[in-house]
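There are 2 protein chains.
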Amino acid sequence: MNNELDVIAIGNALVDVLAHTDDAFLAARNIPKGSMQLIDAPSAEALYATMGPAVEISGGSAANTMAGVASLGGKAAFIGKVSNDQLGAIFRHDIRGVGVEFESRPATGPNPTGRCLVLVTPDAQRTLQTCLGSAGEVGPDDIDAAQVQRAKYTYFEGYLWDAPAAKQAYLKAAGIAHAAGRKTALSLSDGFCVDRHRAEFLDLVSGHTDVLFANESEITALYQTGSLDEAAAAVRGKVDIAVLTRSEKGALIVTQSGTIAVPAHPVARVVDTTGAGDLFAAGFLYGLARNKPHAECGRMAARCAAEIISHIGARPETRLSELV
Amino acid sequence: MNNELDVIAIGNALVDVLAHTDDAFLAARNIPKGSMQLIDAPSAEALYATMGPAVEISGGSAANTMAGVASLGGKAAFIGKVSNDQLGAIFRHDIRGVGVEFESRPATGPNPTGRCLVLVTPDAQRTLQTCLGSAGEVGPDDIDAAQVQRAKYTYFEGYLWDAPAAKQAYLKAAGIAHAAGRKTALSLSDGFCVDRHRAEFLDLVSGHTDVLFANESEITALYQTGSLDEAAAAVRGKVDIAVLTRSEKGALIVTQSGTIAVPAHPVARVVDTTGAGDLFAAGFLYGLARNKPHAECGRMAARCAAEIISHIGARPETRLSELV
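Those protein sequence lines, which keep their order, are chains A and L.
Start counting the first sequence at 1; every next residue gets the next number (my numbering).
Start counting the second sequence at 1; every next residue gets the next number (my numbering).
Calculated directly from the structure, the hints in this document are not laboratory data.
It is possible that some hints are incorrect.
Per the computed footprint, the stretches of chain A lying under chain L, defined by three or more beta-carbons under 8 Å from a beta-carbon of chain L, are [to be verified]:
1. 81–95
2. 173–185
3. 313–322
By construction, the Cβ of each residue, glycine as well, lies at the ideal position given by its N, Cα and C atoms.
From just these sequences and the hints, can you work out the full model?
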């Protein structure tokens with residue numbers, strides 16, 4: 001059908017607030033570097049007040065991935081919740097501006113649009129402090145069955161598991177996708193997120209997920225193994241494809257029939273790793289949806305990740321279709 | 001006195017909304033490349049809806065200059081109007097976050113915080129479409145005489161002349177500064193702005209301004225001359241110091257006693273010229289306030305401008321004090 005989507009994603013609709021900081025700033029506040037933590041509105045206000053000047057760029061893990069798919073020339077849709085406020089207007093503009101279908105009704109309650117305070121240290125690492133706001137209100141009613149059925153892949157961010165209604169939305173959408181003979185994909189999102197929801201993630205991965213994205217700390221957290229190799233052995237056969245990313249060491253594509261190692265794409269200078277995993281997933285999913293061989297999906301994914309870590313922010317600054 | 005300020009500025013408090021675009025986008029909308037035009041809220045909504053994905057960074061010409069002065073280690077203050085909304089909170093956070101004193105009471109009317117839609121073309125030029133919102137409500141009541149008296153320099157952006165109340169604020173502050181034996185500085189802001197207010201600017205420059213900043217198109221628009229040399233001859237003696245910027249050709253510092261040519265600071269890649277003039281003014285004013293020779297003021301100014309055109313946005317990404 002001509003209105004077929006390559007990928008639809010469900011995730012937290014967030015605006016990123018990015019500021020440079022240093023390790024001492026994180027240490028003084030007991031914030032683990034590289035993690036994502038959920039914080040409430042007063043904590044977000046207090047942290048923001050102590051952060052330096054920032055820039056605002058639309059974010060949200062799965063939303064970034066959809067922006068990447070669209071930038072690659074793919075057809076993408078996003079389901080997520082913003083409020084009727086200025087940050088919500090920014091989120092809506094930016095995701096539609098890159099060509100992603102985004103029709104979710106705005107939230108009507110008192111919560112503002114969610115934001116993610118992104119603290120970028122001199123080593124280009126990012127540490128996330130997320131105030132979910134209305135993003136956490138996405139629920140089963142936001143899932144349009146006909147829209148999910150149009151998508152070759154339905155993609156979920158693990159972060160959804162932190163909000164009960166979002167979890168229900170996830171399960172509903174996954175059921176619809178599989179009943180329609182479509183595939184599902186999941187990103188584990190964050191090692192701490194895996195720790196919070198390990199039993200449920202183990203159940204999800206094994207039987208409900210066709211394509212799994214995880215970095216080294218996430219997959220070892222999931223299987224509580226000491227090495228990536230052990231984790232790779234544990235996940236093999238649980239999903240059709242496990243894509244295990246390893247930062248500058250590239251990625252492993254693990255399937256029942258074998259493992260393919262994908263090198264990282266060279267980068268002149270790593271400026272900000274925010275969105276590296278999100279854009280890797282974008283390149284890989286787009287390749288899968290367009291029936292590319294796994295190795296080529298991996299190469300495209302590595303190219304997309306390289307673009308995003310070369311500048312501040314987790315949305316592409318260049319049309320990715322011109323790069324891959 | 002130990003609470004002395006190097007510079008206080010009065011200007012439009014704006015959040016920049018920066019997006020990449022191409023020349024055809026501007027041409028199709030009859031928007032002159034490189035200009036600043038004021039647009040109303042419906043026009044801003046309509047333009048925004050057709051722009052691609054954007055990033056939000058605090059802006060405002062004189063506010064950028066104060067951020068630069070503070071980043072250089074100077075003591076700076078800013079007077080301007082935002083609303084009690086999310087963009088207003090962003091503006092307040094960012095200017096205070098870099099260390100600028102900002103105590104202006106927020107606007108209480110229906111206008112939202114002002115925004116400037118910045119269209120960046122592939123040649124790194126920026127074209128500004130400004131929806132003033134509450135920024136245009138700054139008025140004489142916002143001028144705290146004691147605060148102005150604390151400042152060695154009181155700096156104004158020419159854009160203020162587009163809003164009647166802001167013009168009154170300007171004249172009040174200039175009067176206070178001069179009565180206290182302090183200096184005033186003015187940026188002509190934009191050639192089209194000069195065209196709109198030429199007679200008043202001629203009067204202001206001649207007799208009310210100690211330091212004038214203008215680029216080539218602005219100073220030739222002011223004196224309606226065919227060349228920069230003629231304009232330089234026309235302005236000499238009208239102000240203590242006229243700083244005439246010429247993009248990649250550097251700048252001329254014109255005083256009664258002569259002219260100093262300042263080369264541009266080399267830049268590996270010009271990404272976005274937004275803020276180049278603002279940051280040039282920051283370096284120059286900081287140098288003047290710290291009693292540096294004019295040539296050294298010019299060198300510092302060129303270094304600051306080089307930093308700002310090397311990345312997206314008009315606020316420094318690096319502590320300028322480490323560069324100069």
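For each hint, the structure was consulted:
| no. | hint | result |
| --- | --- | --- |
| 1 | 81–95 | holds (count 7) |
| 2 | 173–185 | violated (count 0) |
| 3 | 313–322 | holds (count 3) |
Violated hint: 2 only; the structure is consistent with all others.
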